[in-house]
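Student: If you read the protein sequences in the order shown, they are chains A and B.
The first sequence begins at 1369 in the working numbering and counts up one residue at a time.
The second sequence begins at 1369 in the working numbering and counts up one residue at a time.
No lab work stands behind these hints, which were simulated from the structure alone.
One or more of the hints may lead you astray.
To be verified - Derived, one-sided and incomplete: chain A residues facing chain B with beta-carbon distance under 8 Å: (1) P1378; (2) K1410; (3) T1433; (4) G1453; (5) D1457; (6) S1509; (7) I1631; (8) H1633; (9) E1635; (10) T1659; (11) E1686; (12) R1741; (13) G1744.
Unchecked claim - Here are the simulated lysine-lysine pairs, DSS-like style, with alpha carbons at most 30 Å apart: (14) K1458/A - K1637/B; (15) K1637/B - K1512/A; (16) K1657/B - K1657/A; (17) K1458/B - K1637/A; (18) K1657/B - K1512/B; (19) K1435/A - K1512/B; (20) K1657/B - K1637/A; (21) K1657/A - K1637/B; (22) K1637/A - K1512/B.
Unchecked claim - Selected chain B positions facing chain A (in silico; Cβ < 10 Å): (23) G1654; (24) Q1658; (25) G1682.
Remember, predicted model here, so these are calculated numbers, not experimental data.
Every residue, glycine too, gets a C-beta built ideally from N, C-alpha and C.
The lines below spell out each chain.
2 protein chains.
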Amino acid sequence: MTTLNALETPAALIDTQRLQRNIERMQARMDTLGVRFRPHVKTAKCPNVTQAQIAAGARGITVSTLKEAEQFFESGITDILYAVGISIDKLPRALALLEKGCDLKLIVDNIDTARAIGEFGKAHDATFEVWIEIDTDGHRSGIKPDDEALLEIARELQDSGMTMGGIMTHAGSSYDYHTPEALREIAEQERAGAVRAAQRLREAGLPCPVVSVGSTPTALSAEHLDGVTEVRAGVYALFDLVMHNVGVCALDDIALSVLTTVIGHQEEKGWAVVDAGWMAMSRDRGTQKQTHDFGFGQVCTEDGTVLEGYILSGANQEHGILSHVGETDHDIRNRFPIGTRLRILPNHACATGAQHPHYAALTSDESVDIWPRFYGW
Amino acid sequence: MTTLNALETPAALIDTQRLQRNIERMQARMDTLGVRFRPHVKTAKCPNVTQAQIAAGARGITVSTLKEAEQFFESGITDILYAVGISIDKLPRALALLEKGCDLKLIVDNIDTARAIGEFGKAHDATFEVWIEIDTDGHRSGIKPDDEALLEIARELQDSGMTMGGIMTHAGSSYDYHTPEALREIAEQERAGAVRAAQRLREAGLPCPVVSVGSTPTALSAEHLDGVTEVRAGVYALFDLVMHNVGVCALDDIALSVLTTVIGHQEEKGWAVVDAGWMAMSRDRGTQKQTHDFGFGQVCTEDGTVLEGYILSGANQEHGILSHVGETDHDIRNRFPIGTRLRILPNHACATGAQHPHYAALTSDESVDIWPRFYGW
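Next up, chain A with everything else stripped away, as it sits in the complex (with noise of 0.2 Å):
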């Protein structure tokens, strides 16, 4: 344990009172919707975050790698969903984690590779529970709910002895709106064409017993579940600038922010520099195209209060440029002067996380414990 005037610059900081306010939030609707909550942990990779979100009620997890499965896998957790399209050559690291009793779940959008995994399976005597991915809104991966190869997918799973586990959709595409109304809709439409694959596979029927779905903006603004049994979301645990954008949280609803000291100034262009360039925010600039663009990110105070009309407007490796959004400010050198240290929320949660080692966890206005995070495949 530490302190937070200890700590070292840059550094990733987590608001562990707003993390737990998020963690409870979410919850809290997945139990008034009826469904089961599967969070996904790709966006902190850190132990401490996902042992609060089964503490509140989560029930299994999401993994976007192999290695994700294997490390959460190794702290106590069994049911495991990976879900990312399975390349063949990793069916030997599914295959380990399944006879060491990992309740390991892959997806598959296509016959090629749920043949593989049939082939696989039968050759090593393993049966991989599968669930086929549905493609609800044109955002990357899946089959569409109505597509033949649906039944054909589902079919070759079933005569090749691996179980069929049901059908899982993203609509990342949420991440594109900014309206409740707007929101509203993606997440109907993600529902209704799971539910419509779910009726498919049973009318011709195969078995559909999980009905998965899921992203922060639309798990957040879903008026009903109806026909869905469990729900999927990562970022929200955290937050970031993009999903203020988004219009699903607050910036003080922010748990993570990267903490930097203020180590020069061009006053005539009233810059101030400090220490977290891109290698501490990340090269994420997803509010770029948004309403409201934060460069590489919104500065606040040392201890979490936002400053208006200052961003992060510029990003090296290791420097970062703080300026005014609008007028230049020329006493930048008296209002953050060499040594100040300010939090930057950043714009992308899972992004920012990645860049760091380890988490300085806040446990209340001064304690810091460091939680670990991992990175790599």
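Given the coordinates of chain A, assemble chain B onto it according to the supplied hints.
Tutor: Chain B in isolation, oriented as in the chain A frame:
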């Protein structure tokens, strides 16, 4: 040691033949120009790469974090320039390096930090060597060559008993140009500004043994470096698509790529989905405003042949979207079947490398050594 086809994807590949060629090209140029060369090791953060630079004739290194200084000092390198203005709270770490025998140089561009270094040095009976950072292109930090503060800072350092080691500048705006003429001009501007600052110091009776300049584009474009004692550059060792657009390397000079596997398709859109998303490529979109926008990267075959017109046009955390830049390729599924392995050339080698715990270094067409790299501060 392993082999290329045994690597799991995504993986950061270094083509060691290209790396060696890039290193020799730069060193030969520096030898011809008659200056010392001090490579910036922030690009790869990998002892193997730095050893190759030293073996080729580099003298000393440049770092962007104290973590890099510590790691490379442990690996046996003593002459280290920490080329980011130090924040005062980091002085104890710098002192620890000094006391272990590291010939660490700090930089400063303001009187407050100069004073703090002097006071800290005196209080701990330590003599820091300090260089003054000069701003020759308005890019970020540093003081103008003709700024009165230049002499003031140098006198402050002298008076407090620190070593005035010289001046340094980095014309980072050279990344914004793409013609040989413009690059020669910015290189000359960088040189002339640095030499002017050194001259002013000497005329005032202040020492300025080192005159250090550099960026990859200016180092490769300068016509002469009269008055300069050393050059710094980093990305030249690996190169990337941004440097290709600047015009200082060919596509087949780029030594870093990300190995990836096709995991799905959206045929009607002409998409192949691969397992290298932004977590593997970084969120860097550095070519977005350049003459040729490569999206998140240029697609090549597994053996490195450029597939013209195919780029990573989109990226989610662990999904990359591969498509043709012109006409939609409706034959994408047959062209890149499930399981196809590809290499993606990155926009920005520093950012892409930082996403990976290690490099897979191709020592021949097939043999691969694993080279460690580190991250954090």
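Student: List, from low to high, the hint numbers that the structure doesn't satisfy.
Tutor: 9, 10, 12, 19 and 24
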